[in-house]
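Enquirer: At position 129 of the sequence shown the residue is numbered 129 (the working numbering), and the sequence of numbers has no breaks.
In case anyone wonders, no lab produced these hints; they're calculated from the structure.
Every residue, glycine too, gets a C-beta built ideally from N, C-alpha and C.
Careful: at least some of the hints might be erroneous.
Unchecked claim - Ranges of calculated distance between the beta carbons of each label pair, as one might list FRET restraints: (1) Ser-26 <-> Gly-94: 36 to 44 Å; (2) Gly-152 <-> Ser-43: 21 to 29 Å; (3) Val-107 <-> Leu-144: 17 to 25 Å; (4) Asp-93 <-> Pro-51: 18 to 26 Å; (5) Met-16 <-> Asp-93: 37 to 45 Å; (6) Leu-144 <-> Lys-52: 22 to 30 Å; (7) Val-107 <-> Pro-51: 41 to 49 Å; (8) Arg-9 <-> Ser-43: 29 to 37 Å; (9) Pro-75 <-> Ile-141: 13 to 21 Å; (10) His-7 <-> Glu-40: 39 to 47 Å; (11) Ser-155 <-> Pro-81: 22 to 30 Å; (12) Val-61 <-> Ala-23: 30 to 38 Å; (13) Gly-94 <-> Ala-10: 34 to 42 Å.
Said to hold, decoys possible - As a list, the in silico DSS-like pairs of lysine-lysine whose alpha-carbon atoms are at most 30 Å apart: (14) Lys-103 <-> Lys-22; (15) Lys-150 <-> Lys-52; (16) Lys-68 <-> Lys-52; (17) Lys-69 <-> Lys-103; (18) Lys-84 <-> Lys-68; (19) Lys-68 <-> Lys-150; (20) Lys-22 <-> Lys-130; (21) Lys-134 <-> Lys-84.
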Amino acid sequence: MSDSLTHVRADGSAHMVDVTAKAETSRTAVATGTVHMQPEVLSMLFDAQLPKGDALPVARVAGIMGAKKTPEIIPLCHPLPLGKVTVDFERGDGCVVITASVKTRGVTGVEMEALTAVSTAALTVYDMIKAVDKHAVISGIRVLSKSGGKSGDWSVK
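Make the full structure from the sequences, and use the hints.
Expert: Below, the structure is given as C-alpha cells:
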C-alpha cells in the first residue's frame, strides 16, 4: 500500500485521480448485497405478488441504471464505457441475495459501478416491499471480486 492517499493532495483537498497514463485493460468487478424480509414477503417477491408489482425485473433494470449513473452520484468516480452489467437475484432464507457483475475495457476499475448496481437494486426491492414489510433490512453490500488493471485479480476467500 502507498503511504499517501491517491484522492488527496498535499494540502488535504480531495481531487479526481489522473488516470490518463494508465493502460487500458479488460476489467470486471462483482459485488453482492442482501435484503432481509419476512418469509411471507419473500414469497410474495419471488411469486410477483407484491402490491407494487413484479419487483425483481424492476430492481434488475434499476441496478443496471445505477451502474451506468455511478459517476453522477459518486463525486470522484471516472465515467467509464460499461460493456456489460448483470444483476441477479437468489432466494435465501428470509432474504434475497443480489449479485451484480460489471465489465469494461478502460483505465480504471468498475468496483464502484458494481457496488452501485447492488445498492440501487437493493433500494428498489426495499421500496417495493416496504408497504408489506416495514422492518426489511439491507445489509452486506461488498465487493466479492475484481480483475484487470495494475493491481491484478482479487477475490473474497
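Enquirer: Would you mind marking each hint as holding or not holding in the structure?
Expert: Right, here's what the structure says about each hint:
no.: 1; hint: Ser-26 <-> Gly-94: 36 to 44 Å; result: 37 Å, holds
no.: 2; hint: Gly-152 <-> Ser-43: 21 to 29 Å; result: 42 Å, violated
no.: 3; hint: Val-107 <-> Leu-144: 17 to 25 Å; result: 22 Å, holds
no.: 4; hint: Asp-93 <-> Pro-51: 18 to 26 Å; result: 24 Å, holds
no.: 5; hint: Met-16 <-> Asp-93: 37 to 45 Å; result: 42 Å, holds
no.: 6; hint: Leu-144 <-> Lys-52: 22 to 30 Å; result: 29 Å, holds
no.: 7; hint: Val-107 <-> Pro-51: 41 to 49 Å; result: 45 Å, holds
no.: 8; hint: Arg-9 <-> Ser-43: 29 to 37 Å; result: 52 Å, violated
no.: 9; hint: Pro-75 <-> Ile-141: 13 to 21 Å; result: 19 Å, holds
no.: 10; hint: His-7 <-> Glu-40: 39 to 47 Å; result: 45 Å, holds
no.: 11; hint: Ser-155 <-> Pro-81: 22 to 30 Å; result: 24 Å, holds
no.: 12; hint: Val-61 <-> Ala-23: 30 to 38 Å; result: 33 Å, holds
no.: 13; hint: Gly-94 <-> Ala-10: 34 to 42 Å; result: 49 Å, violated
no.: 14; hint: Lys-103 <-> Lys-22; result: 17 Å, holds
no.: 15; hint: Lys-150 <-> Lys-52; result: 45 Å, violated
no.: 16; hint: Lys-68 <-> Lys-52; result: 25 Å, holds
no.: 17; hint: Lys-69 <-> Lys-103; result: 15 Å, holds
no.: 18; hint: Lys-84 <-> Lys-68; result: 10 Å, holds
no.: 19; hint: Lys-68 <-> Lys-150; result: 23 Å, holds
no.: 20; hint: Lys-22 <-> Lys-130; result: 44 Å, violated
no.: 21; hint: Lys-134 <-> Lys-84; result: 34 Å, violated
When the structure is compared with the earlier hints, violations turn up for hints 2, 8, 13, 15, 20, 21 and for no others.
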